[in-house]
Amino acid sequence: MFYRPGSDDHGLARDPFKACITPRPIGWISTVSAEGVCNLSPYSFFNAVSEDPAMVMVCVNGFEPGRTDKDTGRNIVETGEFVVNVCTWALREAMNATCAPFGDGVDEFAAVGIETAPSRLVAPPRVRMSPIALECVLDQTVKLPDTRNGGTNTIFVGRVVGIEIADDVISDGRVDIERVQPIGRLGYSLYTVARGSGVFEMRRPN
Numbered sequence: 146m147f148y149r150p151g152s153d154d155h156g157l158a159r160d161p162f163k164a165c166i167t168p169r170p171i172g173w174i175s176t177v178s179a180e181g182v183c184n185l186s187p188y189s190f191f192n193a194v195s196e197d198p199a200m201v202m203v204c205v206n207g208f209e210p211g212r213t214d215k216d217t218g219r220n221i222v223e224t225g226e227f228v229v230n231v232c233t234w235a236l237r238e239a240m241n242a243t244c245a246p247f248g249d250g251v252d253e254f255a256a257v258g259i260e261t262a263p264s265r266l267v268a269p270p271r272v273r274m275s276p277i278a279l280e281c282v283l284d285q286t287v288k289l290p291d292t293r294n295g296g297t298n299t300i301f302v303g304r305v306v307g308i309e310i311a312d313d314v315i316s317d318g319r320v321d322i323e324r325v326q327p328i329g330r331l332g333y334s335l336y337t338v339a340r341g342s343g344v345f346e347m348r349r350p351n
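The opening position of the sequence shown corresponds to residue 146 in my numbering, with each subsequent residue numbered one higher.
Among the hints, erroneous ones may be present.
Each pair of labels, with its calculated beta carbon distance range [as the list claims (entries may be wrong)]:
#  : residue 1 : residue 2 : range
1  : N192      : H155      : 24 to 30 Å
2  : G225      : R324      : 31 to 37 Å
3  : A245      : T337      : 30 to 36 Å
4  : Q285      : G248      : 28 to 34 Å
5  : G341      : G318      : 21 to 27 Å
6  : R340      : I166      : 35 to 41 Å
7  : P246      : D321      : 16 to 22 Å
8  : G295      : R349      : 42 to 48 Å
9  : S195      : N241      : 25 to 31 Å
10 : E260      : H155      : 40 to 46 Å
11 : R265      : V182      : 16 to 22 Å
The calculated lysine to aspartate or glutamate pairs, modelled on EDC-like cross-linking and capped at a C-alpha distance of 16 Å, are [what the hints assert, rightly or not]:
#  : residue 1 : residue 2
12 : K215      : D284
13 : K215      : D249
14 : K215      : D252
15 : K163      : D153
To be clear, the hints were calculated from the coordinates, so they are not data collected in a lab.
Predicted, not measured: the structure shown is a model, and the values here were computed from it.
C-beta atoms are modelled at their ideal positions from N, C-alpha and C, and glycine is treated no differently.
Turn these sequences into a full structure, and let the hints steer you where they fit.
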């Protein structure tokens, strides 16, 4: 089949675009407002974009400055800081609970019962039970068109200034992915987890 994104000529029940780009890592983004209210939301439009300097990006769809119903985007604009918490198999239900349509200014940590831990270099707290947290400061924003809603999708590029890694996921001098068991987003309501036969090694040719 062939179809044009943004049209409905695919003949399927739902646009398959996101199902074609998988798995997508989940950035569980914690922020804090200028008033000190914490926020925690998962984003699968997230990834690393540079190693040196270490940089990541997260895209908040439908956000543009002035909107008050997108706490993550507003908090990043106001404070210039955010934390990426790696979401794992053990945290999958808690992560999903933070997807609920909470009202503006609600602290999802408190609402869902997720324990926080202080970050070292930025104000937003991290998820205590997440084995990896990336502390980020905003480097730049990129605005993309939101044709569905007639607004803006905003990419936030963050410079990673600190990385917290739990000691128990480090083995033989490396982060042990099977101990982390990160989950990723597939299409629709499907997810995957990196463990067992889903993890394999393949070295580049010399």
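Right, here's what the structure says about each hint:
no. : hint                     : in the structure
1   : N192 to H155: 24 to 30 Å : 25 Å, holds
2   : G225 to R324: 31 to 37 Å : 33 Å, holds
3   : A245 to T337: 30 to 36 Å : 22 Å, violated
4   : Q285 to G248: 28 to 34 Å : 30 Å, holds
5   : G341 to G318: 21 to 27 Å : 23 Å, holds
6   : R340 to I166: 35 to 41 Å : 22 Å, violated
7   : P246 to D321: 16 to 22 Å : 36 Å, violated
8   : G295 to R349: 42 to 48 Å : 45 Å, holds
9   : S195 to N241: 25 to 31 Å : 30 Å, holds
10  : E260 to H155: 40 to 46 Å : 43 Å, holds
11  : R265 to V182: 16 to 22 Å : 21 Å, holds
12  : K215 to D284             : 19 Å, violated
13  : K215 to D249             : 8 Å, holds
14  : K215 to D252             : 13 Å, holds
15  : K163 to D153             : 15 Å, holds
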